[in-house]
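The residues making up each chain are set out below.
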Amino acid sequence: MFAKEMLRQSLPLLIFCGLGGVVAGSTLGVMANLLESIPGLIVIIPAIIALRGNISTTFGSRLGSAYHLGVIDAENMWNGELKQNIIGSLVLSFLVSITIGVLAYVTTIAFFDISPDPVKLIIIVLIAGVVSGVILTMLTIGIIFAVFKRGYDPDNITGPALATFGDIITMLSIFGSAMIVEVIL
Amino acid sequence: MIYSWKKIVRYGLPLLTLCVLIEMFAGQILQGGQNTLLKIPIFLISIPAINGVGGNIGSILGARLASGLHVGSITLDIKDKKMHENLLTSLLMGIITYAVLAILIYYVASFSGVTMGIGLIEFVFVLLAVGVLLVCVVSVASIFTAFISFKKGADPDDFVAPVVTTIGDTMGIIFLFLLIGAVGI
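Those protein sequences? They're chains A and B, same order as listed. FYI, the numbering for the first sequence is 1 to 185, going by the numbering used here. FYI, the numbering for the second sequence is 186 to 370, going by the numbering used here.
No wet-lab data here; the hints were simulated from the structure. Be a bit skeptical, because a hint or two may be false.
As the list claims (entries may be wrong) - Simulated pairs of lysine to any residue, SDA-like, Cα-Cα distance not exceeding 20 Å: (1) K224(B) x V22(A); (2) K83(A) x R195(B); (3) K120(A) x T99(A); (4) K149(A) x S65(A); (5) K266(B) x F329(B); (6) K224(B) x M301(B); (7) K4(A) x K267(B); (8) K4(A) x L272(B); (9) K149(A) x L139(A); (10) K192(B) x S61(A); (11) K120(A) x L185(A); (12) K267(B) x L7(A); (13) K83(A) x S189(B); (14) K191(B) x G80(A); (15) K264(B) x V322(B); (16) K192(B) x L90(A); (17) K266(B) x K336(B); (18) K191(B) x S65(A); (19) K192(B) x I87(A); (20) K266(B) x E5(A).
As the list claims (entries may be wrong) - Listed next, with one range per pair, are the computed distances between beta-carbon atoms: (21) I87(A) x K266(B): 43 to 51 Å; (22) K149(A) x S189(B): 23 to 31 Å; (23) I87(A) x D262(B): 42 to 50 Å; (24) F111(A) x I333(B): 28 to 36 Å; (25) I333(B) x N76(A): 37 to 45 Å; (26) K149(A) x T221(B): 42 to 50 Å.
To be verified - Over the 10 Å line for every Cβ pair with chain B, so calculated as not near, a few chain A residues: (27) Y67; (28) E75; (29) I123; (30) I135; (31) G142; (32) G151; (33) D153; (34) F175; (35) G176; (36) M179.
Nothing here was measured: the structure is a model prediction, and the numbers come from that model. Yeah, the Cβ is synthetic: ideal placement off N, Cα and C, and Gly gets one too.
I would like the entire structure built from these sequences, with the hints used as guidance.
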């Protein structure tokens, strides 16, 4: 029965990803004071986690396909194809981060009687989005490289690994950038 | 050269913008309930895990349905037995994962000295109820997305994950606040 095999293969991975969520959530718990002092900060959190998840998993699955197509492999990783993928992911991170900051500001003044500082919000998302983008891009390349070396199929590994580490790295990036911006601005 | 960063940005931008726009609703619901979350931080800590697990279960189910449809072992029929089997297994995995994570989050929070304001049994009940509701919604969303995209001749693999994670993030937060209200905290 193939439901049993689904349970055996997916359940451990699911719980492992959930543990990543708990670590990310604990970071959010530590940020409680910042959430209170920066109105609008909590609004950007689901969006930036979703952005990171989307960009890094599509990056990972494109590299997986590139491997299957024979365009990149462990000996020939740093080529033009990889560079185009890296630039594409980072440009997307940059553009969508700014969009998130603007949308968070606009929807907050539309729905609530509070006025967040738009410059602060946009800078926080931008730093968090780009920093987590760079870290996760490097991490993805590292994971893909290790997977290539062992001859595994990247499609089975990168998705869950990025889902787990992605949330944690994104939350730490938001925490760090909110703290820096709060101190400087 | 098969990849170009301009193409990656051009194809990625519309879907990502739509996705962060919907995530804004999730963010605004969080902002509306921010006081509750700061008073009982264990719920704040739970959010990434709740959403992450819901999104993962929906994506796993979607990927399995997509493969089943491609191979022909699953038919485009709401009464398909194999699809029902997958659905029940998803629900079972959800119950186990949310129960394990609820107990874990409770002890992590109490060991790290967070103000609790809720008992273990009550907390496990809330998380399990949110989890079951969320798994039902993401599973239905996953089945519909997989079936409709397959029927239209598109590859379900391209659509299920973004649709399911976005719906999961928004609904997970709504269900959490509903349940917090229902147990009267």
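Q. Quick one, are K224(B) and V22(A) close enough, alpha carbons at most 20 Å?
A. With Cα atoms ~19 Å apart, K224(B) and V22(A) stay inside 20 Å; holds.
Q: Evaluate the condition: distance from the CB of G176(A) to the nearest CB of chain B exceeds 10 Å.
A: Holds, since 17 Å exceeds 10 Å.
Q: Decide, holds or violated, for the assertion that all CB atoms of chain B are farther than 10 Å from the CB of I135(A).
A: 17 Å, holds
(Q) Would the non-interface assignment of G142(A) survive a Cβ cutoff of 10 Å against chain B? (A) Non-interface label on G142(A) holds, nearest chain B Cβ at 19 Å vs cutoff 10 Å.
(Q) Hinted pair, alpha-carbon criterion (20 Å max): K264(B), V322(B). Please report holds or violated. (A) 18 Å, holds
Q. Are K4(A) and K267(B) close enough, with their CA atoms no more than 20 Å apart?
A. At roughly 12 Å apart (the allowed maximum being 20 Å), K267(B) and K4(A) satisfy the hint.
Q. Far enough from chain B: is every CB of that chain over 10 Å from the CB of D153(A)?
A. Holds: least Cβ distance 14 Å, greater than 10 Å.
(Q) Tell me if the straight-line CA distance from K266(B) to K336(B) falls inside 20 Å. (A) 19 Å, holds
Q: Beyond 10 Å from every chain B Cβ: check whether that's true for E75(A).
A: 19 Å, holds
Q: Mind checking the alpha carbons of K83(A) and S189(B) for me, to see if they're no more than 20 Å apart?
A: 9 Å, holds
**Q.** C-beta pair F111(A), I333(B): status relative to the range 28 to 36 Å that was hinted
**A.** 31 Å, holds
(Q) Check whether the Cα positions of K224(B) and M301(B) lie no farther apart than 20 Å. (A) With Cα atoms ~9 Å apart, K224(B) and M301(B) stay inside 20 Å; holds.
Violated hints for the displayed structure: none, as all numbered hints are satisfied.
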